[in-house]
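Colleague: Chains A and B supply the protein sequences, listed in that same order.
The numbering used here numbers the first residue of the first sequence as 110 and each following residue consecutively.
The numbering used here numbers the first residue of the second sequence as 1150 and each following residue consecutively.
Keep in mind that a hint or two might mislead.
[Stated by the list, open to error] Estimated spans, in silico, between C-beta atoms of each pair: (1) H1250(B) x F368(A): 37 to 47 angstroms; (2) I1162(B) x R201(A): 44 to 54 angstroms; (3) R201(A) x I1170(B): 28 to 38 angstroms; (4) H1250(B) x G401(A): 31 to 41 angstroms; (5) S1177(B) x L330(A): 35 to 45 angstroms; (6) E1288(B) x V400(A): 25 to 35 angstroms; (7) Q1289(B) x F246(A): 23 to 33 angstroms; (8) H1250(B) x P151(A): 24 to 34 angstroms; (9) H1250(B) x S378(A): 48 to 58 angstroms; (10) F246(A) x Q1267(B): 30 to 40 angstroms; (11) S1153(B) x K430(A): 26 to 36 angstroms.
[Unchecked claim] Covered stretches of chain B (in silico footprint by chain A; criterion: 3 or more residues with CB under 8 angstroms from a CB of chain A, positions within the stretch not fixed): (12) 1170 to 1184; (13) 1225 to 1234; (14) 1242 to 1250; (15) 1259 to 1266.
I should point out that these hints are in silico values taken from the structure, not numbers from a laboratory.
Where a beta carbon is used, it is the ideal one built from N, C-alpha and C, also for glycine.
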Amino acid sequence: MSKLEKSLVEWIEQGIIDVSQADRIRLYESQKPEGGWSISGPLILGVVIIGVGIISLIAANWRFIPDTLKLISAFLILASLAIAAFRTHVQRDSLKFDALIIFFALMCLATIGLISQVFHTGGKLEHAFLFWCGITFGVIFTARRGFLPFLWIVALTLSLAAVSFDFLVDLRKINDALRYVDGLHIVAMTIPLLSLTLTTGSRFIVGESPTTRAFQQWTILCVVGSLVSAQILFHSTRNNSYFLKAYLPAYILFLLAIFIIYNNKGYKSIQKHLYTIALIFYFLVFHAGFVGINHALGIAILNILAFMAIAFSFASIKERKYFQYFLVIVGIEFVYIYLQAFGGLASTGLGLVLSGALLVWMTILWKRNKNEIALRIERWLE
Amino acid sequence: MIESKKALIVVLILPIIALFILTFKKQSVKAFGHKIELPITGYDPRDLLAGHYLVYRIKDSEQLCSGFQDSKEVFLCLNTMSVSDKRPTSCKIFVRGECFHNSFRAPSIERYYVPQEQAAKLEQLIQRGNASIVVSVSEQGEAVVEELLVNGVRWQR
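Just need the whole structure built from these sequences, with the hints factored in.
Modeller: Put into structure tokens, the structure is as follows:
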């Protein structure tokens, strides 16, 4: 018996719904597009494996096939996939359509590899990925599911991170004071801002689509990763030098993100203010040394404030799952602060017992009251 | 999310056109460019996505960039083997590149794809200085590698 069916039987027994309501729910659910990860997951995985296999085959040097034939075949496959995708779109078969556009996008990447091989072109891998991101920018907005947009934004941000780091290394030749670790610090700060700008831009232009949600998921991962890296790198970057040219892209993206958020009529005032506060705390973490915060505890507190602002931002749009994730991260940061503040004790058994007990107590408290806490915060923010 | 049929056609056609233009540009340089043979020295890194390729440098390209900053775009005149930061007007064949630690680098012609089983042997021959590349160069200094020669003969032989 499926999960839905079990729930319906239980609700009927409890008198929450009657039999006719249960039938209407069954009918409604059966008419939804088929999918869920049990079907689309293996299908997408199969398509990705095929795509990677094609890329590998191309990379294996088909020296026995003339270059012209290889190129013509690649373009014919691309054209066929494009036509097939268009036809499944017209027929409204969303699962097949998604599989085909993923295949199409990966085939574009395979063709870039083929052209590189046929003409022995040089250049770095990140340049190839950036070119791929450029030509498939429109394709990601046709996706019904978030897999392709997620893959796209990961490729874009990581490629730009690689290019940015190369640029900063070149900048270092002009200013020796800019260290490699400073470069990492700046890239870690800037890339999540790029992802955030793309997310807010996507939300502004196309609304809550699978693409926007995929961008949002990657932004969240980037933000958490970058704030954690700022904490880890803190000791190395404490006396970092300020070089405006290196920080400028981050400032531009920050202003762009704020501009888009404030011009999006879909956000309430409280949401706009919360996003701005979260961004300011985020910025402060990466400029801690310049504002006189020179202690690991200070960074951890700034991180907590940033994570809490982000958590409340999600609560204001009733994204309870993300609100809870960020509160968990805040809890872990509190444990870190405790260990920092009582460093001597932490090395003893008593300190470990106390910190473990604190974590257990917070977890139980949260489990018992999370829904009520979330609901109160959502109402307060309305 | 794009729902319109016209928009869908446009986003599906654009990548194909972009890739076709890229192919056409490279093929044009290969077909109509000036052919020149350049001796090379090098090594062989590996890359999963790009297959197996040889990476090398144009022989005697070290010190060509003395006095130029790293990553600066420069032009190598292949007739005189001299570098300038401006497009040479009197040079018949020149290649665009950049400077790196006083060496001239032309990323567009410093890579050649070979079958995996041949890579080690070819690498040794290049290291010994027995190899050269035939390059096709356009009027604008864009270059495409046509062939890898070992002892003056195509590597496949």
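Colleague: All the hints need checking, so say for each whether the structure fits it.
Modeller: Here is how each hint holds up against the structure:
1. H1250(B) x F368(A): 37 to 47 angstroms: holds (42 angstroms)
2. I1162(B) x R201(A): 44 to 54 angstroms: At 21 angstroms between Cβs, range violated.
3. R201(A) x I1170(B): 28 to 38 angstroms: About 33 angstroms separates the Cβ atoms of R201(A) and I1170(B), which means 28 to 38 angstroms holds.
4. H1250(B) x G401(A): 31 to 41 angstroms: holds (40 angstroms)
5. S1177(B) x L330(A): 35 to 45 angstroms: Distance hint for S1177(B), L330(A) holds at roughly 43 angstroms.
6. E1288(B) x V400(A): 25 to 35 angstroms: About 55 angstroms separates the Cβ atoms of E1288(B) and V400(A), which means 25 to 35 angstroms is violated.
7. Q1289(B) x F246(A): 23 to 33 angstroms: The hinted range 23 to 33 angstroms holds for Q1289(B) and F246(A), with Cβ atoms some 28 angstroms apart.
8. H1250(B) x P151(A): 24 to 34 angstroms: Hint violated: Cβ distance 50 angstroms, outside 24 to 34 angstroms.
9. H1250(B) x S378(A): 48 to 58 angstroms: holds (55 angstroms)
10. F246(A) x Q1267(B): 30 to 40 angstroms: holds (38 angstroms)
11. S1153(B) x K430(A): 26 to 36 angstroms: holds (32 angstroms)
12. 1170 to 1184: holds (count 5)
13. 1225 to 1234: violated (count 0)
14. 1242 to 1250: Coverage by chain A is violated here, the residue count being 0 at a Cβ distance below 8 angstroms.
15. 1259 to 1266: Since 7 is at least three, the answer is holds.
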